[in-house]
Amino acid sequence: MSSNSLPITEEAIVRALQDPKSCIGKSDAWWFSFIKILRFERLLSLFAFRCEELDLVVSFPLVVQGHLENALIMAQRQADHLKYEVSLLSDSIKTVTPQCLYLKGAAYCLANMTVSKGRLFSDIDVLVPKECLDKIEKSLLFKGWLSKPINDYDERYYREWAHEIPPLVQSRRGTVVDIHHNLVPPISGKAPDIEAFLSQTMHVNGVTVLKPHAMLLHSCIHLIFNETFKQAHRDLYDISSIIKDYGNTTFWDEAIRLAKETGFYKELFLGCRYSSKKLGFELPPKLISDVPYTSAKLMLLDLVMLKALSPHHPLCKVPGRGVANFLAWARGHWCKMPLMLLIYHLSIKSGRALAQSILGKHFFDAEGTPK
Amino acid sequence: MPKKLGEYIKEGVIYHAFSDQSGVTFYSTVSNEVFVAAVSENKLRAAFHLKNEMTVDVSNIVSALVKQGFIKTEWH
Amino acid sequence: MALSSFVLNTHPFSFRVSTDIEQIVESVKLLYGDAVELDSRISLPSYEIKIKHTSLARKLFKPQSQFFCDQREPFLPMPIDKCLAMFEWGLNWVVSAHEFRHVILHSAVLAKGDKAVLFPAPPGSGKSTLTSWLSHNGWRLLSDEMALMTPNTTQVTPFVRPICLKNNAIALAKEWFPNGRFSHISPNTHKGDVIHLSPPQASWHERFNTAEVVAIVYPQYSTSTFCDIYELTKAEAFSTLTTNAFNYGVLGGTGFTTLTNLVEKCQTFEVKYNNLEELQSFLENDVL
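Residue numbers (our numbering), protein chains in the order written: chain A, 3 to 373; chain B, 8 to 83; chain C, 9 to 296.
With the rest of the complex left out, here is chain A (with noise of 0.2 Å):
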């Protein structure tokens, strides 16, 4: 916190990320904020592109323009790097096992996707069979992909109780692989049938991943069960971006009906829902008109995760957020595990206070619905 920094809107974000013109002419303190803003919600190198391909850079501040052009260096040195970190990584899952199905931002970036461009991704997340975890997290290690070291307690949680193996480094490359066996925790209760979606993948560009329909379902439910939605605002753009590209009357059918089987149609709604909402942009009257929830619920859901999903920076104000936070973190939470893991679990990370003031004051029932 600094005593002069300008605090900018949600809105006057979401309207310089879609007409970046606009922001031509904007005060210095205004900037300042924004590139600190945006840097944090991990949307610097979104702008960045977007800039770039409207020639806009050069009509900026020299300060942004360097902080851009940073920005867009980091995006493509991923990108390039990607396909060669993904192919040896595939040769080292395919002596174990032939299904190898990459996820999320890796998957976006190696189908050559719009909303790849401009987007940094943490980890490289990629898809395998339960049964095989053990022995691919040992062929990993044995090249060279080593644990990234986290502490006790969250290694054991990842282990026991999301079936995950930890984060895995390349320790020469500092690449990071996240081996996933499911798209949800499964002691969340709420395991979709991994089968339903590994029957809606296509094969591009030498590597598996998911169709644009089902990309869109996953982000929707990585979206809804997020643990501190500290920077899902930015996996709004990622919905936004699936569905502009993509978003034909069969995608929708393919989506809604993969939903519906896989029983995360909430999930699709709301994801779809808030994307839209903020992002300003319209849905198709099938998935508007089918509301999964009562209208109370609704506007309970509404009022805490449209807070919670905003920008989290704190030049970004965003009124009656604090207590939403929590509310939206007890949700993503509670989905994810049944609820005496979930006590034993806040427990032991942030109080007993807190595990009592969940039970006291839940707005939600055992299944992660509002009552």
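Do not rely on the hints blindly, as some may be mistaken.
As the list claims (entries may be wrong) - Distance ranges between label pairs, derived from CB positions: (1) N207/A x E81/C: 19 to 25 Å; (2) L58/A x I50/C: 45 to 51 Å; (3) R49/C x G27/A: 16 to 22 Å; (4) S51/C x S201/A: 54 to 60 Å; (5) N6/A x E81/C: 50 to 56 Å; (6) L305/A x N196/C: 38 to 44 Å; (7) L296/C x V59/A: 35 to 41 Å; (8) L11/C x G27/A: 29 to 35 Å; (9) I50/C x D195/A: 53 to 59 Å; (10) S48/C x D93/A: 20 to 26 Å; (11) V206/A x A210/C: 57 to 63 Å; (12) P63/A x Q163/C: 19 to 25 Å.
No wet-lab data here; the hints were simulated from the structure.
Cβ coordinates follow ideal geometry from the N, Cα and C atoms, glycine included.
Knowing the structure of chain A, use the given hints to seat chains B and C on it.
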């Protein structure tokens, strides 16, 4: 020396032969790895039986390395 | 102390610094002189820095300082007596983590006029002793630790900051430059005892002027050797240089071509010495 090169060379190689004949260096734009060979350009050419001069854009050395099996064809 | 702010106008980057640590305000003013702008006209600094005490409670028992670049905290908190060292390392981190428009070499760089020499050096080689000597003997300091190379050129942009001296070098420097602007010592850091020395005014005055690198010199202090000079082949020079370049990986092909170009255009020497005047003479007569 040629065997070592095989481990490192991939497609998209930038190559530089040092002007004092002290060696050559390759950079792979794909794997982001640098290899420095302390062998003169002449020796390297002889090792790969290149009849022509090494071109700046490295295309003939790349094709020689492919022929020798040092570059993975899947990278083309 | 309440939070106070100033702008640190160190070309080519500027930092808005907020701190509640008096020692930082005093030391930074001492070491950076005019580059510290209390009432700055710069309304768009490059980066936002904060270095502060941890919590009020901690302040009483085991005071520590924390470093932030906006919301990011790259280091664990450090005991308060190392806060200046933390500040300097923090600035290094900010630049290396965010700036990719230059190829950054882990190297000192000094110049006479606009001809510069790079002194890349691993710890323990006595590089900072050499840096402090040359900067007080007719050379200007462009940087003590980070050489900012313009891609595909031999041009280096100054990033003038205090010289970091460790352990034995501290006593030596204090002996040679009794009027030097020294900070207090940060004791027992992971690099040993650390002190900072502000380069003379000449370096600060020239900080906006680029220079062309004409040579690369690896100095190695050796008690038993007067001055032994060994010229490296270009392949050797290149190989060694890449181990001192920390961001050329991000810059990909550009990083590579910048370094090959540099090695081609410059001579590279390894010098074992125990006599600084002799080394200086070699540099001024044979190298520049």
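Now the hints, each set against the structure:
1. N207/A x E81/C: 19 to 25 Å: Since N207/A and E81/C have Cβ atoms about 38 Å apart, the given range 19 to 25 Å is violated.
2. L58/A x I50/C: 45 to 51 Å: About 23 Å separates the Cβ atoms of L58/A and I50/C, which means 45 to 51 Å is violated.
3. R49/C x G27/A: 16 to 22 Å: 19 Å, holds
4. S51/C x S201/A: 54 to 60 Å: 56 Å, holds
5. N6/A x E81/C: 50 to 56 Å: For E81/C against N6/A, whose Cβ atoms are near 22 Å apart, the range 50 to 56 Å is violated.
6. L305/A x N196/C: 38 to 44 Å: Since L305/A and N196/C have Cβ atoms about 52 Å apart, the given range 38 to 44 Å is violated.
7. L296/C x V59/A: 35 to 41 Å: Taking Cβ atoms as reference, L296/C and V59/A lie about 39 Å apart, which means the hint holds.
8. L11/C x G27/A: 29 to 35 Å: Because 31 Å falls inside the window, the suggested range holds.
9. I50/C x D195/A: 53 to 59 Å: 58 Å, holds
10. S48/C x D93/A: 20 to 26 Å: 54 Å, violated
11. V206/A x A210/C: 57 to 63 Å: 59 Å, holds
12. P63/A x Q163/C: 19 to 25 Å: 24 Å, holds
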